[in-house]
Amino acid sequence: MDMKRDYYEDIQMLPSAWEGFWFVVLLAALALFPLLGGNYYCYLANLIAINAIVAIGLNLLVGYTGQVSLGHAGFFAIGAYTSAMLYGKYGLSILIALPAAGFTAALFGFLLGLPCLRLEGPYLTIATMGFGMTVTQTIGHWSFLGGRMGINTPKLQILSWQLSKDTEIYYLIIAVAVLMTIGARNLVRTRVGRALVAIRDSDIAASTTGVNLTYYKTLAFAVSAFYTGVAGALFAPVLGFISPENFNLITSIVFLGMVVVGGLGSIFGSIAGAALMTILQIQLSAVQDLWLIGPLISSISTRWFNVGGMANVSNIIIGSIMVAIVIFEPMGINGLYLRSKRFFKSWPF
Amino acid sequence: MRRGVWIGIMILMLAVGGAGMALAADVRGVTDTEITIGQWGPQTGPAALWGAVARGTDLYFKMINEEGGINGRKIKYVLRDDGYNPAKTKAIAKEFVENIGVFAVVGGVGTGPGMAVRDYLTENKVPWVGPSTGSSHFTRPTNPYIFGVYPLYKDEAYLLTKYAYENKGKKIAFFYQNDDYGKEGLEGAEIALKELGGALVAKVSVEVPDTDLSSHALKLKESGADVVIMWLLPKHAAIILGESAKLGYKPQWISSNTLSDAPVMMNITKGLWAGVITSMFGDLPNEDTPLMKKYREAHQKMAASERWGSFYYAGIIWAEPLVESLKMAGKDVTTEKVLTSLETMNKWRGIGPPLTYTKDEHQGAKSVKISQVLENGDVKPLSDWLQITK
Chain A
229 MDMKRDYYED IQMLPSAWEG FWFVVLLAAL ALFPLLGGNY YCYLANLIAI NAIVAIGLNL
289 LVGYTGQVSL GHAGFFAIGA YTSAMLYGKY GLSILIALPA AGFTAALFGF LLGLPCLRLE
349 GPYLTIATMG FGMTVTQTIG HWSFLGGRMG INTPKLQILS WQLSKDTEIY YLIIAVAVLM
409 TIGARNLVRT RVGRALVAIR DSDIAASTTG VNLTYYKTLA FAVSAFYTGV AGALFAPVLG
469 FISPENFNLI TSIVFLGMVV VGGLGSIFGS IAGAALMTIL QIQLSAVQDL WLIGPLISSI
529 STRWFNVGGM ANVSNIIIGS IMVAIVIFEP MGINGLYLRS KRFFKSWPF
Chain B
2 MRRGVWIGIM ILMLAVGGAG MALAADVRGV TDTEITIGQW GPQTGPAALW GAVARGTDLY
62 FKMINEEGGI NGRKIKYVLR DDGYNPAKTK AIAKEFVENI GVFAVVGGVG TGPGMAVRDY
122 LTENKVPWVG PSTGSSHFTR PTNPYIFGVY PLYKDEAYLL TKYAYENKGK KIAFFYQNDD
182 YGKEGLEGAE IALKELGGAL VAKVSVEVPD TDLSSHALKL KESGADVVIM WLLPKHAAII
242 LGESAKLGYK PQWISSNTLS DAPVMMNITK GLWAGVITSM FGDLPNEDTP LMKKYREAHQ
302 KMAASERWGS FYYAGIIWAE PLVESLKMAG KDVTTEKVLT SLETMNKWRG IGPPLTYTKD
362 EHQGAKSVKI SQVLENGDVK PLSDWLQITK
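Protein sequence lines correspond, in order, to chains A and B.
Going by my numbering, the first residue of the first sequence is number 229, and it counts up by one from there.
Going by my numbering, the first residue of the second sequence is number 2, and it counts up by one from there.
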């Protein structure tokens, strides 16, 4: 029943009517979420969606093209500041600021992609890391952008629609996230996507079969940066205040963590990884309120680690989840999903 | 049948609406037995050193509860770790307001995290006492819900510079972190010297990521300053003291109260911190005022594993005026009553600086104490509360 009869069936956006049905159900659930969730959960959902856009963009680069980047906080910052400046300082609509932020980040992605053409592995990682740190350094020294102190970003407005609450910004962010997810899914099933995968598997083999390495590698950087830039542009109004501190090396590492935990080379995995990491980061700060086990682990941690208490626990949990996933399921959450799907398909045999 | 369903739905809606209204009439975070108060603080991340603030508040509230609470109500304290990450701080603020329902927020370390939630908390009318930063962004201009307990960096630098000029030497250099924190300090120092008819002999700035400060030390030495005032992070203070010692340059070092935790500074400077003059935002840790004694006893009894450092009991200082205003507000606590009680405070003191609030002035603290670090890591007082004349 899952047999592919020809090539076009293999690359369909929605392989079956069922998947189409579930896609519609998912959209409906996303649309109804604010009615149930309220402001707090919508804020959480907004952060997840923003991180998911970054994770998808980063996965295009890391998972599909095989180029590791520890500099995505830089693109994130470029996007955030571009949009904050355009709609905050110059009063442009967010509908213009959003793509502008994406393209500005993409331009920097392209520029970073050029020197990175010849770099691989750890060298590439260091170069991109340097890029990320350069961006925050530059912003920190540039008083036009608010310097180290950061800038407040005003409330959003689309035409006469005021987006002051999280439940309202939610619709903008989810709409963008859905569009960008579809865009990425479309990209990876086309000629471009296959070229990227070919480069990942072996760039020499790819170039002998006619894949232009220069073009596709820089393209991967630019597209990845575009995604991250758009996410940054959405992040600015969600937070309401941005400063270089928000975009440090840890941010880049967390982005990479999302991709690895979610599953390299998988769009579903990117979203799942972003969701898991965001929820853990935010919700674990309340772990001491859990019924029964909360006070217990909190007292263990205060007694045996340091007086910081909960802080130890949340770091230990996040860390062990990441280690466990990398050891037991190198394909991340996506791997878990595929395995359980296969299991139920052949059940009970 | 269908009509029955409709009636059922109507009743349900009325009930829900009624419950909503009943809730709205109450004050958020106040029940007959409890008042909920929240604070975020970095228990992890780059600023974890200052996480002690939020835990100090915990000790204070525990002590209040043990004494029977405030007008019959116990304080329920919610502490959340934001890791000094503004995105997390904002999530915490939303959780406080929308999920937990806090009556007020106290303390909260850091300018960046605070700025991310300032407008949100104000929109939701949450009283916020004692943002744990000397930045002027919280009480200038006056925000009806925010009350400053921490002396502004600018005022603090003014007082320290004046003290140095009158007591330690006329040739003063200023060494600062190149951001708002450092610049507000620099501004205060320049105002003080202008009034006294002097000027800084050198202004040297350092960037947060810098680690090599040998050229900075050389510049300070060449300026010939007798006094160097520092507005820095702990690591930079430690490095510059080390570099200057190598050059044989030994001015009188003076530092902002962000480095007032003497044992920590002694530790990371390997003893070079002895003799440094710092300002304090509260009574000295070893001072024998009745309140200080009482708090130290509570600390021994309830949180002996914590170190009694200046940041730990800062958590008490930020919370004192809030508790006082809750006491003044009486049995029927409302936000308005607490705000007006705070605004009647005139030279009120706990273990922090004297606090005076009015309707238009919410920066209650305008004074600092000056102290000097001894060889054994203790501090000795050099002055009583010095107030800016304004």
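Rather than coming from a laboratory, the hints here were simulated on the basis of the structure.
Some clues are possibly wrong.
[As the list claims (entries may be wrong)] Each computed DSSO-like pair below joins lysine-lysine, with the alpha-carbon atoms no more than 27 Å apart: (1) B/K169 - B/K184; (2) B/K381 - B/K251; (3) A/K383 - B/K251; (4) B/K247 - B/K236; (5) B/K184 - A/K317; (6) B/K171 - B/K381; (7) B/K163 - B/K126; (8) B/K381 - B/K360; (9) A/K393 - B/K126.
Evaluated hints:
1. Distance hint between B/K169 and B/K184 is fulfilled; the C-alpha atoms sit about 23 Å from each other, no more than 27 Å.
2. At most 27 Å may separate the alpha-carbon atoms for a hinted pair to count; B/K381 and B/K251 meet this at roughly 20 Å.
3. Restraint check: the Cα-Cα separation between A/K383 and B/K251 comes to about 51 Å, which exceeds 27 Å; the hinted pair is violated.
4. For the given pair, B/K247 sits about 17 Å from B/K236 by alpha-carbon distance, which is consistent with the 27 Å threshold.
5. Between B/K184 and A/K317 the CA atoms are separated by roughly 24 Å; this keeps the pair inside 27 Å, and the hint holds.
6. With a C-alpha separation of about 23 Å, the suggested pairing of B/K171 with B/K381 holds against the 27 Å cut-off.
7. The straight-line distance between the Cα atoms of B/K163 and B/K126 is roughly 38 Å, outside the 27 Å bound, and the hint therefore fails.
8. Pair hint B/K381 plus B/K360 does not hold up; C-alpha atoms about 36 Å apart against a cutoff of 27 Å.
9. Using a Cα cut-off of 27 Å, the hinted pair A/K393 and B/K126 holds, with the two alpha carbons roughly 15 Å apart.
In summary, the numbered hints that this structure violates are 3, 7, 8.
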